[in-house]
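A.B. asks: Whenever a hint applies, use it, and build me the whole structure from the sequences.
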Amino acid sequence: MIDTSIKKVLLLGSGALKIGEAGEFDYSGSQALKSMKEEGIHTVLINPNIATVQTSEGVADKIYFLPVTPYFVEKVIEKERPQGILLAFGGQTALNCGVKLYQTGVFEKYGIKVLGTPVQAIIDTEDRNLFNKKMEEIGVKIIKSHAVDNIEDARKAASELGYPVILRAAYALGGLGSGFCDNEEELNLLAEKSFSYSPQVLVEKSLKGWKEIEYEVVRDKYDNCITVANMENFDPLGIHTGESIVVAPCQTLDNHDISMLKELAIKIARHVGIIGECNVQFAYDTLSDDYRVIEINARLSRSSALASKATGYPLATVAAKLALGYGLFELKNSVTHTTLAFFEPALDYVICKIPRWDLSKFHGVSREIGSSMKSVGEVMAIGRNFEEAMQKGLRMIGQGAHGFVANKEIVVPDINKALREPTDNRIFVISKAFQKGYTVDEVCDLTKIDKWFLEKLYNIVLVSKELEKADKPQELDVELLKLAKQLGFSDFQIGRFVFKDKLETEEQVIRIRKYRKSLGIVPYVKQIDTLAGEFPAQSNYLYLTYNGQEHDIEYEKDRRSVIVLGSGAYRIGSSVEFDWCSVNALQTIRKSGWRGIMINYNPETVSTDYDICDRLYFDELTFERVMDIYELEEPHGIILSVGGQIPNNLALRLDENGVNILGTAASSIDRAEDRHKFSSMLDSIGVDQPKWQELTTLEDINQFVESVGFPVLVRPSYVLSGAAMNVCSNEGELERFLSLAANVSKKHPVVVSEFIEHAKEIEFDAVANRGEVIAYAISEHIEFAGVHSGDATIQFPPQKLYVETARRIKKIARKIANELNISGPFNIQFLAKENDIKVIECNLRASRSFPFVSKVLKINFIELATRVMMGENPVPPSKSAFDLDYVGIKASQFSFSRLQKADPVLGVDMASTGEVGCIGDDTNEAILKSMLSVGYTIPKKNILLSTGDARQKAEMLNASRLLVQHGYKLFATDGTYKFFIENNVPATRVLWPSEDGEERSALEMIQNKEIDFVVNIPKNLTESELSNGYKIRRAAVDFNIPLITNTRLATAFIISFCNLPIDEIQIKSWDEYTS
Amino acid sequence: MQLLNRSLSSVQLDNGLEFQGYSFGYMAPADGEVVFSTTMTGYPEALTDPSYEGQILCATYPLIGNYGVPEAITIGGIQQHFESERIHVRGLIISDYSLKYSHWSAVKSLDQWLRENRIPAIYGVDTRELTKVIRDNGSMLGRIIPEGSSPEWDVEDPNTTSLVAKVSCKEVITYPAPIRSKRVVLIDCGIRHSILRYLISKNIEVIRVPWDYNFNEGSVGRYDGLLISSGPGNPEFCTATIGHIRHTMTLGKPIFGICMGHQLLARAAGAETFKLKYGHRSNNQPVQATDSKRCYITTQNHGYAVDTTTLGKDWEPIFTNLNDGTNEGIRHKSKKFFSTQFFPEMTGNPKDTSYLFDIFLTAL
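Note that the protein sequences, when read in sequence, are chains A and Y. For the first sequence, my numbering assigns the number 101 to the initial residue and increments by one for each residue that follows. For the second sequence, my numbering assigns the number 462 to the initial residue and increments by one for each residue that follows.
There may be inaccurate statements among the hints.
As the list claims (entries may be wrong) - Partial list, computed: chain A residues near chain Y (C-beta under 8 Å):
#1 439
#2 448
#3 552
#4 634
Since the hints were derived computationally from the structure, they do not count as laboratory data. Quick reminder that beta carbons are idealized off the backbone N, C-alpha and C, glycines included.
C.D. replies: Shown next, in the form of structure tokens:
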């Protein structure tokens, strides 16, 4: 019954990871591509996100690392001539692009069929007026909203509806430009911003305090319709579902509620005409069965990825097959293999999704959570009761929590306020409130969170109070200990309550572990099988629980399996790149004839797809849980160097407890991680590094700074991606920063290092076998050192590096690899000034840039590394970077537009949420492709420049001249203007926000959208400079105008778009470059 | 009931297996046939479903009690929130019990409701493991034994007696329609009040008769159609009912059988029924309409099925279960007799299959 005229299909990816659009679309896209392949359909993928699994060899037949924009998609269509296109698997990016192409007649022109839900149905769901009309046709209640296109009408609508109201920008994902307004003043402010994202803004009555319920609906072309999952937000309406803790299935709804909403969801999906999958969101009253439909997403979404992981039902795979014309009854259930895809999963566990925020990485950002999304990642925890799932989840988010209790005391000046106005630490405020004696009713009153959830959380507090009564494990009642484990307490938590931190942390944990094991209190392994055990299922999708008495699976105990530790929640500094590494490690392990076992808990990943491995433990990456699984599995060994810093940090403890770590020894990992050990090792092998010292007093710091001079880099020890790290250029800054950092790192002394200005930063990614480098890639940063390597624009192979520098770097890397006897992946970061080379960091694990260099070079570094770790001796690849006649550029994606008030300036602390990697025939082409991929546009006319200090101004001069030559009109603030005039560059003077004068104000021009591109280079960190520049930068972000804050990157971008017209950009697939 | 100081209890199966847990509900031993249901919500409805008569129900969904229990409201003799007048299960086995409930319509906790109705229950059980045991061995007799009690009697096997006789009404009950309309005789084999609610909403006068009542003679009088309800246990016990159905068939009046009613209609037509290894007890049973692309997610609760190979030549199957291929519905090729194994009227699923009622009602 499927459409056999479709031989080639184009799939649009979602581009770089950003807030609101993250790894879930790599998962959906990968599944869809696999589905197409199974049908023998040729697949073409457009996605510039080079770190994804879907852009790996063999997933799609052709891959274009190009921007997902109408221009480039049309070019690819013109070249590839597919018969069909899939729009539902690349998030809002793909959907918006598809709608535009449909509206401009491109699909018609090339005779392309949109597979799955028709575009008109998509438009009906996206346009609020059309959607409301559709819903009214079938008598479904909606949130009455007024679509307006100017502020005046917005005010009118709001006063008609009565405050509080909510504003939503149409066609914007993740609630961009949305928010609540309690009065007209707030409305005026927000409306202005909303209109910058969308010509249409919706004003709605606020239903704050109602429940938020979601349904995932699947429908085939025969009108067969099922709901795969229902989910309930822990937080009441008003907090974006991406910002809320979510549980599945719904917990506080009875049969009547569930049936009614399910019926509505199906009615809606049918009426809209979904073919494939959609998500329906409801607002639901807490005191009756009154409801409103909030919105529907006629595509795969973050929620659908979560629902897939929560139920085991592969929504994206099924949606792709339905798009080809299959009926649900014609598809198999991929978990059971015996039953069909036409069924609704029955769960016998509960899942808890918890968002992960990284707000502390941003200066000035508002920490309140609300109707627009700010979280950068999420975790999913599985348990057989809510408490268990919740406590697991709170550990999984990886922000230092040990569960709901037993955490470091947080400072909350006003608990009532913090409960009423939630921030990113709301759950811990609730914990604190309970410990301060608040009742469930009081907390419910302030938070509007359903009492059922709060009562369950209160149980955890009650048990913790009981645990505290004991002073040693033997004093714990067996039933109490069992109860604690059943409610998700970790050995650490119990240890802290019993020993009261009188012992070393690790000692406490080990003693509790030993004691409970002696009593037979151990976790059991359960399967997720989609049907609650009703039929036998060979499911390899597993979790651990203390609410059980038998395992679901039998262990082989043959030591033929290898455990790979995944990367956990996506966060700034660790995201899809480590998923790619994990998946490739698993594939290599399985290809070599071993069983690959995955431990990870991030629902947005491909590595947590049970198809990828022989066994998937969707569970914690803590020492306790990894040991539990290790003891059950009795594997050959464990690989912890492909999942980023979380697994890497477990190396020493696992090693001490007898775990066989494959690859580089734990002691070597420790020598690289421990600043002192690493430093003395470098000294002993004669490798230079920037001067640094670990200091505890202000006096010592001043003395050290005197010897090295400003600027200095100040940071606490043992961190990834530079949290709480800062460059200080003078005494004032140093003092200001230290007063903050000293608080942050009470336990750890402050590390101060010499900061070398105007130095090149160079990445060395490599694989070594028993100390010998067998493959490497040297790449250079476009920006000078000082921009975090995760934010920098990276070029590979390097184009402007001295041969001498490259040779020295190789030599040093070999020395280090040899000294640490590295077997596996590693990365070293270097500073180079002239030919003076210094080592800044060394990680004995895969780095962020592994997928990038692997794909540009077309040598899979992870495959090589895994084979080394498995004890094989792979032949070193013969190809080297010098053989490439093309260039790869990795550019960073920022999500500042979602982070209200954050200063969009780059520094030593990482701020980007994602990246792309594009290939071009030369640097210009690669730069242009990659910059367009991360959302930059080529300016039309007016450019605003404030180019920093004298040296930076000089650096920008040629690029500025180039702009003028190409007919651009330059606007410049005071100093930059003078500099331009002195150098005969025509420019118009504009005013800083703090200036008065006759000229026009820069801010006003931005707000009027008269500026197409802003270059704003922060000069120094003085208060006034920061405040002036901040206002300009923030306005650029808020009004959606491209902004660059680094001279080197700005210059590179300007040169590329001035020298290369867009229609000269090559439309070449990956294999056209590499083969 | 409290979080700490849990009182131990256990489930013992006929094959000697034992599962540890903690007591709640009525503190006493219970026995019966242990069955499981994979339905995720609706414990007030399930516990009052007459089809569970004589059984100890094990819920595979672990979190139970969350939304308490609603008030028992009856309108015109029909339960609004429950499936019958009383709890029919003999015991309840769950994993996690919510000590505190939260729902605007709740008036008491599940624990309190069970205590009031003297129904023992146990929580903290590895219900997944228990389910797998039942799945692999077929339904099994078992007991709930709170610590300290030692029951000596044998487990009463509900399959050896007519459960229908136990749960059926004892007298004819008439539910008049607001406006005078069609009259339907409803044979009560263990009726679920959702059927009554549905028929009344369609303005049908319902004559509810005991399972063995001869409605073709006696006081019932003229009627337009026959509806045979769902009910517990083995259809073979209902020989009297089968005779009465056969008589109606000779009159040519429309007949619609649901669940047990389906099995009885099939037997009346001369077909055989058999016991399933582990019945269908959930609201996610997928069925497909024969010779069609249409599929339905249905609610079911039964342990027996119709053997289609024994269907006479005048009959044909109309629905099939997509999981195990068993029969889910039959109809007569020329007359207005048909039946479904699933509940077409059930809430818990979209009313996709309620068109079957419309077929029946328009045939009247």
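A.B. asks: For every hint, state whether the structure bears it out.
C.D. replies: So, going through the hints one by one against the coordinates:
A distance limit of 8 Å between C-beta atoms decides the matter here; for residue 439 of chain A the minimum to chain Y is near 5 Å, and the interface restraint holds. The restraint placing residue 448 of chain A at the interface with chain Y holds, with a minimum CB-CB distance near 5 Å, inside the 8 Å limit. Hint status for residue 552 of chain A relative to chain Y: holds, with the closest Cβ pair at about 4 Å, below 8 Å. Interface hint status for residue 634 of chain A: upheld, as the beta-carbon distance to the closest one in chain Y is roughly 5 Å, under 8 Å.
Of the numbered hints listed earlier, not one is contradicted by the structure.
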